[in-house]
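Chemist: Model the full assembly from the supplied sequences, consistent with the hints where possible.
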Amino acid sequence: AQSVTQPDIHITVSEGASLELRCNYSYGATPYLFWYVQSPGQGLQLLLKYFSGDTLVQGIKGFEAEFKRSQSSFNLRKPSVHWSDAAEYFCAVGAQEYGNKLVFGAGTILRVKS
Amino acid sequence: DAMVIQNPRYQVTQFGKPVTLSCSQTLNHNVMYWYQQKSSQAPKLLFHYYDKDFNNEADTPDNFQSRRPNTSFCFLDIRSPGLGDAAMYLCATSRDRRVGEQFFGPGTRLTVL
Numbered sequence: 052a053q054s055v056t057q058p059d060i061h062i063t064v065s066e067g068a069s070l071e072l073r074c075n076y077s078y079g080a081t082p083y084l085f086w087y088v089q090s091p092g093q094g095l096q097l098l099l100k101y102f103s104g105d106t107l108v109q110g111i112k113g114f115e116a117e118f119k120r121s122q123s124s125f126n127l128r129k130p131s132v133h134w135s136d137a138a139e140y141f142c143a144v145g146a147q148e149y150g151n152k153l154v155f156g157a158g159t160i161l162r163v164k165s
Numbered sequence: 002d003a004m005v006i007q008n009p010r011y012q013v014t015q016f017g018k019p020v021t022l023s024c025s026q027t028l029n030h031n032v033m034y035w036y037q038q039k040s041s042q043a044p045k046l047l048f049h050y051y052d053k054d055f056n057n058e059a060d061t062p063d064n065f066q067s068r069r070p071n072t073s074f075c076f077l078d079i080r081s082p083g084l085g086d087a088a089m090y091l092c093a094t095s096r097d098r099r100v101g102e103q104f105f106g107p108g109t110r111l112t113v114l
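In the order they appear, the protein sequences are chains A and B. When we follow my numbering, the leftmost residue of the first sequence carries the number 52, and every step to the right adds one. When we follow my numbering, the leftmost residue of the second sequence carries the number 2, and every step to the right adds one.
These are calculated hints, taken from the structure and not from any lab test. The model shown is predicted, which means the values in this text are computed figures rather than measured ones. Cβ coordinates follow ideal geometry from the N, Cα and C atoms, glycine included. Just to be clear, a hint being listed does not mean it is correct.
[Said to hold, decoys possible] Chain B side only, calculated, beta carbon under 10 Å to chain A, not exhaustive: (1) Ala43; (2) Leu46; (3) Glu102; (4) Pro107.
[As the list claims (entries may be wrong)] Calculated lysine-lysine pairs in the DSS-like style (CA-CA distance at most 25 Å, straight line): (5) Lys100/A with Lys119/A; (6) Lys152/A with Lys119/A; (7) Lys39/B with Lys152/A; (8) Lys45/B with Lys18/B; (9) Lys164/A with Lys112/A; (10) Lys18/B with Lys39/B; (11) Lys112/A with Lys100/A; (12) Lys100/A with Lys152/A; (13) Lys152/A with Lys53/B; (14) Lys45/B with Lys100/A; (15) Lys45/B with Lys152/A.
Modeler: This is how it looks when you write it as structure tokens:
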């Protein structure tokens with residue numbers, strides 16, 4: 052079965068600073084990887100996804116993520132954080148053999164200080 | 002805009018009093034999911050419908066049931082809510098069973114008194 056680890060429960064960055072949120076997955080074959088963002092009291096919104104091809108994927112709101120098979124990682128990055136990016140970020144993994152059932156990491160809460 | 006709608010956004014119920022949460026979608030997706038998300042935790046899949054085919058997760062308590070009367074609507078019934086069932090309940094949809102994006106509704110926050 053697949054699993055996802057987000058090692059950082061909370062991260063605080065200054066507005067304008069760069070951001071990297073870590074995600075490690077466990078799955079034998081090539082996984083399907085997602086990053087979702089959740090603002091307080093809201094549902095989840097897809098930021099970006101990786102299925103195959105170019106290992107650097109671009110998403111919405113200026114986010115990007117890089118798939119590194121050798122490290123089983125799919126870290127999310129943003130070069131300059133805005134105060135509106137404060138939210139909780141979830142990495143998720145899917146696998147075709149499990150249909151479209153996603154397994155989510157525990158999430159990373161991002162705080163942005165001005 | 003095509004979307005996933007959940008009603009109500011906030012629901013308060015009493016211990017043991019049945020409650021129903023509603024989800025509707027205008028995306029015409031075949032698959033609908035219900036997740037439970039407790040505070041500061043990852044969403045946990047309860048069950049999903051592929052068209053009319055119901056798929057329960059092995060660890061979903063019997064207290065939780067679901068109905069999907071048509072493509073657009075899906076309901077989550079909690080027969081006898083306990084204090085431990087207080088959570089955010091998220092509905093999501095996807096086009097089909099192949100791995101792809103799931104589209105989430107805004108959620109229903111359930112409080113059990």
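Chemist: Run every hint past the structure and note whether it holds.
Modeler: Results of checking the hints against the structure:
no.: 1; hint: Ala43; verdict: holds (4 Å)
no.: 2; hint: Leu46; verdict: holds (6 Å)
no.: 3; hint: Glu102; verdict: holds (5 Å)
no.: 4; hint: Pro107; verdict: holds (5 Å)
no.: 5; hint: Lys100/A with Lys119/A; verdict: holds (14 Å)
no.: 6; hint: Lys152/A with Lys119/A; verdict: holds (22 Å)
no.: 7; hint: Lys39/B with Lys152/A; verdict: holds (19 Å)
no.: 8; hint: Lys45/B with Lys18/B; verdict: holds (23 Å)
no.: 9; hint: Lys164/A with Lys112/A; verdict: holds (18 Å)
no.: 10; hint: Lys18/B with Lys39/B; verdict: holds (20 Å)
no.: 11; hint: Lys112/A with Lys100/A; verdict: holds (14 Å)
no.: 12; hint: Lys100/A with Lys152/A; verdict: holds (15 Å)
no.: 13; hint: Lys152/A with Lys53/B; verdict: holds (17 Å)
no.: 14; hint: Lys45/B with Lys100/A; verdict: holds (20 Å)
no.: 15; hint: Lys45/B with Lys152/A; verdict: holds (10 Å)
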